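Trainee: Chain by chain, the residues run as shown.
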Amino acid sequence: MMPSTIETYFNKIERTRVWRSIFRSGTGNSTLRNALAIQQNVFLHLFPTKIRKRMLDLGATWYLGTLTLGTFIVLVVTGILLMLYYHPSVPQAYTDVKDLRFVVSSGLFLRNLHRWSAHTMVFLAFAHLFRVFYRGAYRAPREFNWVVGVLLLLITLLLSYTGYLLPWDQLAFWAITVGTNISSAIPFIGAKIRFLLLGGNLVNANALLRFYVLHCAILPISAVLFLAVHMWRVRKDGGLYVRASEPSAGSTHQHASEELKKQ
Amino acid sequence: MNSPKDFTASVGADMRVTQKRVLFVTRRTSPQVKSFDEERVQAFPEALIRALLAIECLFIVLVFLSLFFNAPLEGIANPTNTPNPAKAPWYFLGLQEMLHYFPPVVAGIIIPGLLVTALFVIPYFDINVEAEGFFLRNYQRRLTLSMGISGALSLFLWFFDVYVALVPTLIIAGLMLLAALSSTDSPNRLRRYLASRPISWWIMTWFLFELIVLTTVGTFFRGPGWSWVWPWRS
Numbered sequence: 001m002m003p004s005t006i007e008t009y010f011n012k013i014e015r016t017r018v019w020r021s022i023f024r025s026g027t028g029n030s031t032l033r034n035a036l037a038i039q040q041n042v043f044l045h046l047f048p049t050k051i052r053k054r055m056l057d058l059g060a061t062w063y064l065g066t067l068t069l070g071t072f073i074v075l076v077v078t079g080i081l082l083m084l085y086y087h088p089s090v091p092q093a094y095t096d097v098k099d100l101r102f103v104v105s106s107g108l109f110l111r112n113l114h115r116w117s118a119h120t121m122v123f124l125a126f127a128h129l130f131r132v133f134y135r136g137a138y139r140a141p142r143e144f145n146w147v148v149g150v151l152l153l154l155i156t157l158l159l160s161y162t163g164y165l166l167p168w169d170q171l172a173f174w175a176i177t178v179g180t181n182i183s184s185a186i187p188f189i190g191a192k193i194r195f196l197l198l199g200g201n202l203v204n205a206n207a208l209l210r211f212y213v214l215h216c217a218i219l220p221i222s223a224v225l226f227l228a229v230h231m232w233r234v235r236k237d238g239g240l241y242v243r244a245s246e247p248s249a250g251s252t253h254q255h256a257s258e259e260l261k262k263q
Numbered sequence: 264m265n266s267p268k269d270f271t272a273s274v275g276a277d278m279r280v281t282q283k284r285v286l287f288v289t290r291r292t293s294p295q296v297k298s299f300d301e302e303r304v305q306a307f308p309e310a311l312i313r314a315l316l317a318i319e320c321l322f323i324v325l326v327f328l329s330l331f332f333n334a335p336l337e338g339i340a341n342p343t344n345t346p347n348p349a350k351a352p353w354y355f356l357g358l359q360e361m362l363h364y365f366p367p368v369v370a371g372i373i374i375p376g377l378l379v380t381a382l383f384v385i386p387y388f389d390i391n392v393e394a395e396g397f398f399l400r401n402y403q404r405r406l407t408l409s410m411g412i413s414g415a416l417s418l419f420l421w422f423f424d425v426y427v428a429l430v431p432t433l434i435i436a437g438l439m440l441l442a443a444l445s446s447t448d449s450p451n452r453l454r455r456y457l458a459s460r461p462i463s464w465w466i467m468t469w470f471l472f473e474l475i476v477l478t479t480v481g482t483f484f485r486g487p488g489w490s491w492v493w494p495w496r497s
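Protein chains in written order, with this note's numbering: chain A, 1 to 263; chain B, 264 to 497.
What the hints contain is simulated information worked out from the structure, not anything from laboratory work. Because the structure is a prediction, the values reported are computed rather than measured. Hints may contain errors.
What the hints assert, rightly or not - Listed next, the in silico EDC-like pairs over lysine to aspartate or glutamate satisfying Cα-Cα at most 16 Å (straight line): (1) Lys-50(A) - Glu-302(B); (2) Lys-50(A) - Glu-395(B); (3) Lys-53(A) - Glu-301(B); (4) Lys-350(B) - Glu-337(B); (5) Lys-50(A) - Glu-337(B); (6) Lys-236(A) - Glu-143(A); (7) Lys-98(A) - Glu-337(B); (8) Lys-50(A) - Asp-237(A); (9) Lys-53(A) - Glu-309(B); (10) Lys-53(A) - Glu-337(B).
What the hints assert, rightly or not - Reference listing, derived: stretches of chain A covered by chain B, where coverage requires no fewer than 3 residues with Cβ under 8 Å from a Cβ of chain B: (11) 94-101; (12) 185-197.
Don't be surprised by glycine CBs; every beta carbon is placed ideally from N, CA and C.
Bound conformation, chain A alone:
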């Protein structure tokens, strides 16, 4: 079969000096080249070069972790675009969101996509957690990755919660008022923590700025860092968990004890 025109062009690009200086995996479609494509790339390096085929089955994972990552990527992209139209100040924040809805081209769609992706990410993170639990995939040697995962769930919740205040409408204001009032119930230091969160005694312009900084800088950066650890640990802990292929700790112990009994 004759290679298509696009393929020929792509092959040509692959052989250029510039391309080869960026991607050192070489050309062609060999096993070595595919392995190098992962190994020689700082981002893909988080993943193993070879994986068990059954890990790719839909039933093994339902792709919940992948999909959670997918929503996160959508959120980062739409979030950065939204930042171009948004001032974290009172009452400008509200009018900016109104403008996004009625003035900015595709602004409504952009905000919708950000909002629904956020809800979906929270839902998928929970689903991922329960799925991993029911598969028993949290057990050794993956204990620490479970801990990182729980941390990522908390970061996800905080990301969603801090974003909730930013439109500065009634919904936002009272949801955050209800939420931050809870923190004042912490014995002794509750009021102090609430003051630290809000930058004042009430949900006001200071609180909006703090939530904005948390939502757009501190929390996303922490999320990216822990995501990197999370995915890298999947590789380091022996790949995704596939039930039947795991050498189960229980059965080998049992075998050893049976052997002891025979003696």
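Let chain A serve as the given structure and place chain B on it in line with the hints.
Mentor: Same frame as chain A, now just chain B:
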């Protein structure tokens, strides 16, 4: 290895060229090697393309969602006008439901604190790694223990009128009782399944059930003054 002279071990001078694995087999045992000759594929492109496709499908769903449903936007924040009810985002409504019954220290600090701690330490509990059915061992003691704890919990919830959390607790307790009365080779599929569930499964399933019920009630069944409303009647 009763006598140290049972074997000798050494490595050849070419060890660094050809690596060898040395295995000592003690008397009256046999080496058992578990080998997994599983089919493996290259992560690139096989896995990455699939992941990309999965994300692409999700993205299409999200785009359609965003085209047809608008994100809510109410009037500008007004500290003097409290909406009734003032609700937190949906994923916190389970906690807000608890806040309705218990003081903020309990519902807002102690319960979520315990939950998060419990989630963090799950993998460090090494009890019952084989995940065998809870009632398959120490039957009498475990039956008394599980029924005692769920009974005490139910009484506690009943005492504070937390019927929303009481109903799931009673259902799970009932299922546990069914599991205790079933064997792993029962002709009934559900009973077989329940009988083989370990204790971790029971606790997590109770938690998941409560989470779903409380969040649903908080989202759809609560109106002004956190009173009970039927969503189809508004």
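Trainee: The structure should be examined with respect to each hint, and the outcome stated for every one.
Mentor: Each hint, compared with the structure:
Restraint check for Lys-50(A) and Glu-302(B): satisfied, since their Cα atoms lie roughly 10 Å apart, inside the 16 Å limit. About 33 Å separates the Cα atoms of Lys-50(A) and Glu-395(B), which puts this hinted pair outside 16 Å; it is violated. Between the alpha carbons of Lys-53(A) and Glu-301(B) the distance comes to roughly 8 Å, so the proposed pair stays at or under 16 Å and holds. This hinted pair checks out: Lys-350(B) and Glu-337(B) have alpha carbons roughly 13 Å apart, not beyond 16 Å.
For the hint pairing Lys-50(A) with Glu-337(B), the CA-to-CA distance comes to about 51 Å; that exceeds 16 Å, so the pair is violated. At most 16 Å may separate the alpha-carbon atoms for a hinted pair to count; Lys-236(A) and Glu-143(A) meet this at roughly 12 Å. Our distance criterion of 16 Å between C-alpha atoms is met by Lys-98(A) and Glu-337(B), whose separation comes to about 10 Å. Under the criterion of a C-alpha separation no larger than 16 Å, the hint pairing Lys-50(A) with Asp-237(A) is consistent with the structure, at around 14 Å.
Under the criterion of a C-alpha separation no larger than 16 Å, the hint pairing Lys-53(A) with Glu-309(B) is consistent with the structure, at around 9 Å. Restraint check: the Cα-Cα separation between Lys-53(A) and Glu-337(B) comes to about 49 Å, which exceeds 16 Å; the hinted pair is violated. With 4 residues having a Cβ less than 8 Å from any Cβ of chain B, the region 94-101 of chain A passes the three-residue criterion, so the hint holds. Counting residues of the region 185-197 of chain A whose beta-carbon sits less than 8 Å from any beta-carbon of chain B gives 3, enough to reach three: the coverage restraint holds.
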